[in-house]
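Visitor: So the chains spell out like this:
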Amino acid sequence: MRLILHIWRQRNAAETGRMVRYEAPDVNPDMSFLEMLDVLNEGLIAKGEDPVAFDHDCREGICGMCGFMINGVAHGPLRGATICQLHMRHFRDGQELYLEPWRARAFPVIRDLVVNRSAFDRLIAAGGFISVSTGSAPDGNAILVPKESADRAMDAAACIGCGACVAMCPNASASLFLGAKIAHLGLLPQGQPERAGRVQKMVRQSLQERFGSCTNIGECEAVCPKEIKLEVIARMHRDFLKAAWSGHSAD
Amino acid sequence: MELNSKTPTGPIETRWDRHRFSLKLVNPANKRKHTVIVVGTGLAGGSAAATLAELGYNIKCFCFQDSPRRAHSIAAQGGINAAKNYHNDGDSVYRLFYDTVKGGDFRSRESNVYRLAQISVNIIDQCVAQGVPFAREYSGYLDNRSFGGAQVSRTFYARGQTGQQLLLGAYQALERQTAAGRVQMFPRTEMLDLIVIDGQARGIVTRNLVTGAVESHIADAVVLGTGGYGNVYYLSTNAKGSNATAIWRAHKRGALFANPCYTQIHPTCIPVSGDYQSKLTLMSESLRNDGRVWVPVKKGDHRAPSTIPENERDYYLERRYPSFGNLVPRDVASRNSKAVCDEGRGVGETGLAVYLDFRDAIERLGAHVIKERYGNLFDMYERITGENPYTVPMRIYPAIHYTMGGLWVDYNLMSTIPGLYVIGEGNFSDHGANRLGASALMQGLADGYFVLPNTIGDYLASHRFDAVEAGHPAVREAESQVARVTRRLLDAKGSRSVDSFHRELGKLMWDYCGMSRTAGGLQEALSKIPGLRDRFWSEVKVLGNGEELNQSLEKAGRVADFFELAELICIDALHRNESCGGHFREEYQTPDGEAAREDNACSYVAAWEYRGAGVAPELHQEPLYFEYVHPSQRSYK
Ligand SMILES: Cc1cc2nc3c(=O)[nH]c(=O)nc-3n(C[C@H](O)[C@H](O)[C@H](O)COP(=O)(O)OP(=O)(O)OC[C@H]3O[C@@H](n4cnc5c(N)ncnc54)[C@H](O)[C@@H]3O)c2cc1C
Ligand code: FES
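Those protein sequences? They're chains A and B, same order as listed. Under my numbering, read the first sequence as residues 25 to 275, first letter to last. Under my numbering, read the second sequence as residues 2 to 638, first letter to last.
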């Protein structure tokens, strides 16, 4: 099949970018989306043009490295899948596709479809952990975890940190990402001692990083490749209010 | 060069304890005066960096991805072994040790493997405390499963995402230390050379992948946790970025490379579908618990699988290995798939695939049970192939998955360059010639959380570290070496892309040094690789410049190293005149076609010394001794 691609080209953070039109004349429906771009890039290199830069690594939908917008939708049209897991059989012959990087103040563009997501690491550094140094742990079975809590914690912990939630949110809020970590740790007995401080520190950091606030639109849940549920955001808000009422201070 | 493995002697149960007691300690007040570089943030590097920082050392940590959370450990699905014996099914530290030595086909060090089995139990405790959401039983206790043909249930797991959850545990510990100011993290930064001063590893040269800036970092010790080199073969289950550059360039600076030819091929991967194929996807080994592997009896039988009657199907694993059947170890399953495809009985468009059929299991148990067990995997298969495995048998084929070889390290995980430590898949240590399922995660975390943080102190406490000026000749020399390679790649201005060369190298390696090897084939490969490498250097086309994000340039540097490593892999495979684990030489097989070890001649670690471009590497042997588990022929009949 044949596709028309309009791709955001931007040499570096300082330069302004623009959409450039390309043709992909010979697309095999069994290719993944990134393989289609590989082939496009091989063609560009042959012509002496700079290949399109995009982030990727595992190509199995788990590392969270890949991701951009296809026709305004983060990770494209297939629900519950990253771009590396999206295959060309989901597109029509002759279709026109617009590829753009994640757009959010907290994720500046580095080049073409590549953005800087370091803000996510700083959110985790603010409190997304349990403070246990190596060697001090009791036997694994000394801490019992009800199966239901473990399963729900796992649902939230499945987040791959790709940033699609932020990119799709009209407010560029990181609430789904934050909520996922806060729910994961807050659902487990091990996570209780630091629970109140964790939510306060992480939320405060998110404001510093210039992520927006959540207004319950739900676009994040719709594009999350790991199908993390909005309820993690509700949990985060509850934890936040509880911490504030109980007079807990983050410091 | 004398290879001193520093392996303790005496009763194996107390070797690690006694050894630890003999190590020098660094005074707590002095720890922050030592800077340690950790390259890699996978299970090995991430856990090491976090733990060293907790101890008080000053850490500089590097990875090439945009975040330390994305190291390829994230992709491990199946689980992690530990000798907890929570199920009272006869497991013990000794049994895990025994299984691992035997599974490695008697090509690993007993002392190391015993330590690994001992530490396995602490790993689970640590990870639970960090909040890793391991699977639980209704009682709230930890759940286990049996994995990869083990006869006991010792595998801990977090759905099909065990690697992800363990890595996030280590990553969060690392971020905690970053926030505390004890770790300085450098993402999107690639190590391109090692700085060795007066014989000691004192730093690294890196390239900032966003700005292209080449920088030197000085420290008192350097730790490499940079993963495996399976991508030499181009198509593998590794991530696209996984590479050998860090260990290869350290090798060129003097670190010996051990057993490079020990590569593991995983039998259940989704087959190649076209030339554009960029990687291969692993389907969990657990599928073989219920799926039956078969090909048509007749050659070139292109009928739809459902129309092939029972008596025209060859369930070749069940036929050849009646007692293990479809659950034979990875190397045996892989070789048999290749054999039937070589006979012309492979299926699918390319003829390079075999069926993994769930028809009987669905009849016996019902589709809902199969969905419960493997739903995720079936969905993933359908997403990639567009075929529904509930109704059409899966097509699978072996793929390169793991590399047992790596830089040689002693019992302290130190390479032959003093002050250079290697952990995780990057070293050669614990798996011998074949790694058992669910034990790479165990080894990476054992190295990073528990072994290295103990052993590195001994080195730091017993050496002097003079200040190194920025203009030190060794630093300048390493920097200019890096600049030279970059220039050469950019200046070649040829006509072929990096990927086209990588693909060609990968195909050559797969054909001649893949699942089964012969002296003739290896010689053929060795006669072809240098020519291809020369063409790479003269014909490669890398656009753009070195002062920007340039993904072709990154790939080109890695592929240049793969070319050199490929040659060493073939040299090692040619010299090892036996079949063992992942290394199958057709000349060495039993009358019924199984791998035949040559224990008298080959019971050693082959450690290769780099002697310069175009010069044959020098072999050093570390003999292996078996005092506890006596070498026997593995049999799965
Ligand atoms: C698909 C798949 C499934 C698997 N499933 C299992 C399983 O179920 N159980 C099991 O036990 N094992 C499994 N394994 C094996 C296991 O996952 C790996 O062996 C292990 O995770 C390797 O960990 P590591 O820390 O050594 O390296 P990695 O996790 O690969 O990390 C390497 C790190 O080094 C960095 N790096 C590399 N080179 C450079 C450089 N030059 N400069 C800077 N940084 C660099 C990378 O950025 C990364 O941070 C699986 C492997 C694969 C591929
Ligand atoms: S490349 Fe890893 S999630 Fe897509």
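Any given hint could be a false lead.
[Unchecked claim] Derived lysine-lysine pairs resembling DSS-like cross-links, with alpha carbons at most 27 angstroms apart:
id, chain 1, residue 1, chain 2, residue 2
1, A, Lys-253, B, Lys-372
2, B, Lys-7, B, Lys-103
3, A, Lys-171, B, Lys-103
Hints are computed from structural coordinates only; laboratory data are not their basis. A quick note: this is a predicted structure, and the numbers were derived from the prediction, not measured.
Visitor: Each hint: holds or not?
Guide: For each hint, the structure was consulted:
1. Pair hint Lys-253(A) plus Lys-372(B) holds up; C-alpha atoms about 22 angstroms apart against a cutoff of 27 angstroms.
2. Among the hinted pairs, Lys-7(B) with Lys-103(B) is consistent with the structure: their alpha-carbon atoms are about 23 angstroms apart, no more than 27 angstroms.
3. About 35 angstroms separates the Cα atoms of Lys-171(A) and Lys-103(B), which puts this hinted pair outside 27 angstroms; it is violated.
Checked against the numbered hints above, the structure violates only hint 3.
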